[in-house]
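The residues making up each chain are set out below.
There are 2 protein chains.
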Amino acid sequence: MVLVGEPTPSLESAAFSFLLPGGCCYDPPQRAGLAAITCEMMLRGAGPRDSRTWIADLENLGVERGESVGVSQANFGGATLKDNLPAALVLFADLLRRPHLPCEQLEAGRSACLQELQAVEDEPSQKLMIELRRRRYPDPWGRPSHGEADALRAITIDDVRAFHTRNYGPRGTILAVAGNFDWRRLCAHVEQLFGDWPAQKQSEPATTPNPSRENHIPFDSNQAHVAIAYPTIPYKHPDYYQSWAAVGVLSSGSSSRLFTEVREKRGLCYTVYASLHTQRERASVLCYAGTTAERAQETLDVTVHELLRLADGIEQSELDRLKARIKSSLIMQQESSSARAGSIARDWYHLGRARTLDEVSEIVDALTSESINAFLHDSPPRDLLVVTLGPEPLEVPVGVS
Amino acid sequence: MVLVGEPTPSLESAAFSFLLPGGCCYDPPQRAGLAAITCEMMLRGAGPRDSRTWIADLENLGVERGESVGVSQANFGGATLKDNLPAALVLFADLLRRPHLPCEQLEAGRSACLQELQAVEDEPSQKLMIELRRRRYPDPWGRPSHGEADALRAITIDDVRAFHTRNYGPRGTILAVAGNFDWRRLCAHVEQLFGDWPAQKQSEPATTPNPSRENHIPFDSNQAHVAIAYPTIPYKHPDYYQSWAAVGVLSSGSSSRLFTEVREKRGLCYTVYASLHTQRERASVLCYAGTTAERAQETLDVTVHELLRLADGIEQSELDRLKARIKSSLIMQQESSSARAGSIARDWYHLGRARTLDEVSEIVDALTSESINAFLHDSPPRDLLVVTLGPEPLEVPVGVS
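Top to bottom, those sequences are chains A and B. Residues in the first sequence are numbered from 1 upward in steps of one, following the numbering used here. Residues in the second sequence are numbered from 1 upward in steps of one, following the numbering used here.
Simulated from the structure, these hints should not be mistaken for laboratory data. Any given hint could turn out to be false.
[To be verified] Covered by chain B, according to a simulated footprint, are these stretches of chain A (three or more residues, beta-carbon under 8 Å):
hint, region
1, 120-133
2, 274-286
[Unchecked claim] Cut-off 25 Å, straight-line C-alpha distance, at most; resulting in silico cross-link-like pairs (DSS-like, lysine-lysine):
hint, chain 1, residue 1, chain 2, residue 2
3, B, K327, A, K82
4, B, K127, A, K127
5, B, K82, A, K327
6, A, K82, B, K201
Note that CB positions come from ideal geometry on N, CA and C, so glycine has one too.
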């Protein structure tokens, strides 16, 4: 287990972020959703405290808590006043190491997970982006964490307990702390809480090709939703920030190309964006636009045109605006202990070390339109995958394989 | 125009929030959506800058910008590095006082507003909460700001210009600034930018009763959505924090009553909440739960039971947990210049003065279970309005008039 910290004595708060190898890529066959149910059940009592007491004691410390299950990892995080950090970590050591996973609460936990799964059916934009990732990556790397209904219904409490034992442990686990804390005292405290945590015997999932699927999802509505993905380099790649800046020119801020061409000039969409989605070994640019059925083809055509046009390079003025926005957001991130805890945890996962904001700032300063254009020349957007959801399929534009 | 500031020299950022009387309550008959289109058009060039230049210059200052149109007010806000605050305010003075409202961009702006309106049709939870507010308040106070399709299509550029002239001006306008800035220099700068802004001649909207509407909205889905509203006291009322704490016991945190009874014990929903929605003259508790069609009746019954049970009072331990969470969130709010700028602007609108976080903290300290229970005894939840969206209507539970 890795402990990484970034003290900022000017803050009154402290935040922590646990990244653990409990993502849905570890769901066994016919058990899609097991990682999600396990996370749900871990919150229902741990160590000397039952479900109600654990939550009450955490809230009495003023902790704002959040957890999520991704493909590779589960994330448990919290933020509170600096003086309450040690006591909050005691509660999370119980949660992670000694959860009760109570049999009598399994049905309620399962039901909450089924409700989440079914809620997505009513949210077409979310549903489409799930289907985009499912098609873009080989299994298990494009799975949605909320699983499948039949599999969720089949899960037993023994499945949950086995998942916890197999996947939760110090190997691959990162605890990041940011805000106002003393590093030496934190180290001693974490050593006491986690030093004797026995290593788990986790096996890495096998990557398998996806079955082929239809790229249009029929949906009875006057709205149509368009999603596009293409491969790019992951965060750990030395050229990552070149790719990231190119996506910024495409989609960051109101002067970005997608916002200007799709929304401002043509009023095709209320929402349009491209974002960089990175796992440790693979990454994509994911793009979304929601519009009316009658303007869906135009929206798709304009969006694809803007993506492919990146290959011609970006302008210096576009980069200047992007740099100004990033500089400002880096400073504001420094004022948020939660944002910093999340960032340095992810850094360690991807890079094996944490970047300070000064270091990120230097990387951004070093970006030039020449460096980005050299990257785009060698790695232009290609192999575009288009997935649509709406009343009718669309024509795939020229230039999309 | 009022300028209100809260300097926090330990931050590197500065944030501002303009509240202006440009909300959709001022939409004329047959022009529902005019406030929203006006806001959209104001972003398309102002003062010496055309649309692209205004946005580019703002982004070169690293400003993170956001705007929204509510019932009573329009809100334009931004956050940036402390040194860029004066230049950002120059751009916003142009935006607010000298927007071009260009005729040739009206169709694109209208189309973006129509897209937003239609997107809501695909989002059942959002649609339901709009319908709840529409039924809960007399017109115009429950209107959605995005207007109606026929009205949006009829709007001309003269309508937009007239709306701007009539409603945007110094009367009723509040500019709040938080973060790292010098108060005296800010005052001089704002005086220079806004001191000669002529007062607008705005007329207050008339309040009229709502036409009666069906309280079930048919929606073809396996999901059902339940919304409940009841009246409470607005922010400016001296007992506001008593009501607010009672809603906190109901819905703030994982130990709250709704979370415990609806989600944790029964697994009925993935999302359930109650929140306090306050205007200057009227306020409501608004409650939402989304579930499967087959569990919708049970969800409604349990939720209503929890709302009505508030009349029996709260426990000291519930209040203790709530206070701990609030204390922590107040400290974290102090570390966000954006959050503080928004808060002090709203304070001034509701109260005619800004509360410091120390003052809020004292109010929270003074809350007791006795004070809250006395309030709940005198003002129990009553006149519950239930609106549902899903495949079938539900039975209105006992205790709901």
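Consistency of the hints with the structure:
Under the rule that three or more residues need a Cβ within less than 8 Å of chain B, the assignment of the region 120-133 of chain A holds, with 5 such residues. Beta-carbon proximity to chain B at under 8 Å applies to 0 residues in the region 274-286 of chain A; the threshold of 3 is not reached and the given coverage is violated. In summary, the hint linking K327/B to K82/A is supported, as the alpha carbons are separated by about 12 Å, within the 25 Å threshold. Distance check on the hinted pair: K127/B and K127/A sit about 18 Å apart at the alpha-carbon level, within 25 Å; holds.
For the suggested pair K82/B and K327/A, the alpha carbons sit about 12 Å apart, so the restraint of at most 25 Å is met. As the CA atoms of K82/A and K201/B are separated by approximately 51 Å, the hinted pair breaks the 25 Å bound.
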